[in-house]
Amino acid sequence: MSLEQHFDAAFATALALKEKQIQQNYRPIIGIHKWFARRPGTIFRNLLLAEFNGREPLDTSYWRTHQLQGVIADPFMGGGTPVVEANRLGFSVIGADVNPMAHWIVRQSLSPLDLEAFEAAAAIVVVDTERQLADLYRTRCLDCGKSADVKYFLWVKTESCPACGTANDLFPGYLLAEAERHPRHVVVCAECGALNEYDEQPTQKRPARCSSCRASVSVEGPAQRQQIECRQCGQGYRYPQPRLLSQPPAHRLWALEYFCERCKPNHQGRFFKAPDPRDLARVRKASKLLAASPSLTIPTDAIPNGDETARLHRWGYRFYRDMFNARQLLGLGTLLDRVRQVPDASVRHALLTVFSDCLRYQNMLCRYDTYALKCQDIFSVHGFPVGLVQCENNLLGIPAVGSGSFRHFVEKYLRAKRYCTTPFETRQNGGRKETVRIEGERIGADLVDQPPAPDRREAWLVAGPATQPVLAPNSLDGVFTDPPYFDNVQYAELMDFCYVWLRLGLQDDFAAFRKTTTRTSEELTGNTTLGRGLDHFTVGLSAVFRHYAAALKPGAPFVFTYHHNVPAVYAPLVVAILDAGLDCTATLPAAAEMSASLHIAGTGSSVLDSVFVCRDNGSRRSSANVAVCLAHDLELLQPEMPRLSEGDLRCLAAGHLARVAVNRLHPVWNPDAPLVERLARARETLLLLTRDQSIEHHILRLVGQLATSQPHGKEARIAKAV
Numbered sequence: 000m001s002l003e004q005h006f007d008a009a010f011a012t013a014l015a016l017k018e019k020q021i022q023q024n025y026r027p028i029i030g031i032h033k034w035f036a037r038r039p040g041t042i043f044r045n046l047l048l049a050e051f052n053g054r055e056p057l058d059t060s061y062w063r064t065h066q067l068q069g070v071i072a073d074p075f076m077g078g079g080t081p082v083v084e085a086n087r088l089g090f091s092v093i094g095a096d097v098n099p100m101a102h103w104i105v106r107q108s109l110s111p112l113d114l115e116a117f118e119a120a121a122a123i124v125v126v127d128t129e130r131q132l133a134d135l136y137r138t139r140c141l142d143c144g145k146s147a148d149v150k151y152f153l154w155v156k157t158e159s160c161p162a163c164g165t166a167n168d169l170f171p172g173y174l175l176a177e178a179e180r181h182p183r184h185v186v187v188c189a190e191c192g193a194l195n196e197y198d199e200q201p202t203q204k205r206p207a208r209c210s211s212c213r214a215s216v217s218v219e220g221p222a223q224r225q226q227i228e229c230r231q232c233g234q235g236y237r238y239p240q241p242r243l244l245s246q247p248p249a250h251r252l253w254a255l256e257y258f259c260e261r262c263k264p265n266h267q268g269r270f271f272k273a274p275d276p277r278d279l280a281r282v283r284k285a286s287k288l289l290a291a292s293p294s295l296t297i298p299t300d301a302i303p304n305g306d307e308t309a310r311l312h313r314w315g316y317r318f319y320r321d322m323f324n325a326r327q328l329l330g331l332g333t334l335l336d337r338v339r340q341v342p343d344a345s346v347r348h349a350l351l352t353v354f355s356d357c358l359r360y361q362n363m364l365c366r367y368d369t370y371a372l373k374c375q376d377i378f379s380v381h382g383f384p385v386g387l388v389q390c391e392n393n394l395l396g397i398p399a400v401g402s403g404s405f406r407h408f409v410e411k412y413l414r415a416k417r418y419c420t421t422p423f424e425t426r427q428n429g430g431r432k433e434t435v436r437i438e439g440e441r442i443g444a445d446l447v448d449q450p451p452a453p454d455r456r457e458a459w460l461v462a463g464p465a466t467q468p469v470l471a472p473n474s475l476d477g478v479f480t481d482p483p484y485f486d487n488v489q490y491a492e493l494m495d496f497c498y499v500w501l502r503l504g505l506q507d508d509f510a511a512f513r514k515t516t517t518r519t520s521e522e523l524t525g526n527t528t529l530g531r532g533l534d535h536f537t538v539g540l541s542a543v544f545r546h547y548a549a550a551l552k553p554g555a556p557f558v559f560t561y562h563h564n565v566p567a568v569y570a571p572l573v574v575a576i577l578d579a580g581l582d583c584t585a586t587l588p589a590a591a592e593m594s595a596s597l598h599i600a601g602t603g604s605s606v607l608d609s610v611f612v613c614r615d616n617g618s619r620r621s622s623a624n625v626a627v628c629l630a631h632d633l634e635l636l637q638p639e640m641p642r643l644s645e646g647d648l649r650c651l652a653a654g655h656l657a658r659v660a661v662n663r664l665h666p667v668w669n670p671d672a673p674l675v676e677r678l679a680r681a682r683e684t685l686l687l688l689t690r691d692q693s694i695e696h697h698i699l700r701l702v703g704q705l706a707t708s709q710p711h712g713k714e715a716r717i718a719k720a721v
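Going by numbering that gives the first Met the number 0, the first residue of the sequence shown is number 0, and it counts up by one from there.
Just to be clear, a hint being listed does not mean it is correct.
[What the hints assert, rightly or not] Computed cross-link-like contacts, DMTMM-like style, restricted to lysine to aspartate or glutamate with a CA-CA straight-line distance of at most 25 Å:
#1 LYS432 to ASP7
#2 LYS145 to ASP134
#3 LYS287 to GLU55
#4 LYS373 to GLU199
Hints are computed from structural coordinates only; laboratory data are not their basis.
Using the sequences and the accompanying hints, generate a full structural model.
Laid out in structure tokens, this is it:
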């Protein structure tokens, strides 16, 4: 029962909160490729050490080298956090995921790579591609009149008036840049398109004059709540118009951010300009070159309907290629064809992975951050947000300038693989951070296609359903995983965006990439479009839990994280745990998210997870009094998280209720009863516990207690800034 006794929630949470602020600095391994909702690696390192490193306190054992042995499994490996952390500590690992993109990401994380050969090949690919495309990413500098590199092209959606046919810009606002990382506010003139700079943001009540045409300028745009008024005839209409949805939306280039190396030493702020005739000619040139290059490797796949892709269809995106403009398609096709020519397989696979990941910043759903003045990843939220103003990134990028280009992603990949060779931790030393090298640990494994030996640091990675690997009884020392949270993230719908491109480079080498989509009926996410409801989720979760629990050694832990504020949502978990013959010995609090993350900001969602610890022998359990457990969690976490929210409390309370429900039902549970009965029993028990333990009353009391203990005045401003 080591984990239940030795896990230091306060220590682990302090590390996890720091990691989630700048995860790529604490765990550069995530630079291999994007995956969604990755849990902090620091949490799983702490969990594994608490279980397998005896009585040594975590705050000392965490910072030193370990060479542990055994086999750890993750049936929902996703981006691979538990697998990678277990491998780094010396374990052999088994990982499975039904999504081939997840399998590929973990495979690339653990596979060896000649970094010098990779870096040299990447440089050649960039030079060869740049030779063909460089002119398309150049502009004339307004200061010196010479050629300069474009960082970002800014586009606005347009839609024709149904009454007079005039094309109207769908600007929600005319602000290009805030006076934060640029000396002044930059606002485009609605009349002539000139870019103006002001000390104060002009508004409709207090407009400014355009420096070019003297028209009134304000930040408010005409496109609001899917309605716009035609600038020509005054007719109001809604957008997007259903009659136009057989094709993707039209866009107009309206601004550029560029970089002039010659002028930068004497130039304040960023370089902005409205497009000139040569810039517009380059747009036309890209379209002509694309039309003249029919053999370029570009996906032709249609976008299937789905819970997330439905919004793409509402805007007329019917094919994945519709999400890119002509210059992007030309550039990406040219770059992909060049990468496919790299002879060394491991280097080619690495470069294809880089190509796939950088697609997130090379499409016409990216937006421009007016505060940070940079391109936003299409997946900055876990969906397909269709904005009205788009940001086209420089494909290959400017060395040491900007972000999101192929060059930058090559550097990110290199940093990730260097971290695999010499992993480190980051420790707070007073007000400063220090890097702690963990000499002797590494990330890497011999990839095998059978159960791994516990003492050989092997990895058996399966691209298929979690129940596919045949596991012998008493073969697993532990299961550590982060299962899907029902319909929280539509993994397959989102990852298909990268997959349809990546498969063009991998389908000849890997059977998992010969399918046209990562979607499968075996994916354990709720999906209304595909008719996958709570029953499907529960049956699948139960089958996976049974499969892996049957392979655990006696008393070995089955550990997973979960995150939701509503107790009833935990019913499938209760069923799955009990069906597997497990009892829940503890639910531990752990930080999982950053409150500023775009996909949860302002939602009231918790930044905490409940860590469920389950075993086949639950004779020693945590308290059944949820109020006592919540108060204990609060006491542990508040020094590290002084701004705990109501959502945090509700998430922790729901986890404790689920644990107590498992404890109560375990002695009388019948795993062979019909599913409807098992789910109903779990729901009923959760509801009864919620009522009988007056959970709502206790949460509101603790919320009031937190409110009185929050920092005020100067302290509050400092806390907010931090």
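(request) Mind checking the alpha carbons of LYS373 and GLU199 for me, to see if they're no more than 25 Å apart? (result) Holds, at roughly 21 Å.
(request) Measure nothing beyond the straight line between the CA atoms of LYS432 and ASP7; if it is 25 Å or shorter, mark the hint as holding. (result) Cα-Cα ~21 Å, so holds.
(message) LYS287 and GLU55 were given as a pair; does the straight-line alpha-carbon distance stay at or below 25 Å?
(response) With a Cα-Cα distance of about 67 Å, the restraint between LYS287 and GLU55 is violated, given a limit of 25 Å.
(message) Check the hint pairing LYS145 with ASP134 against an upper bound of 25 Å on the C-alpha distance.
(response) holds, 13 Å
Violated hint for the displayed structure: number 3, the only one.
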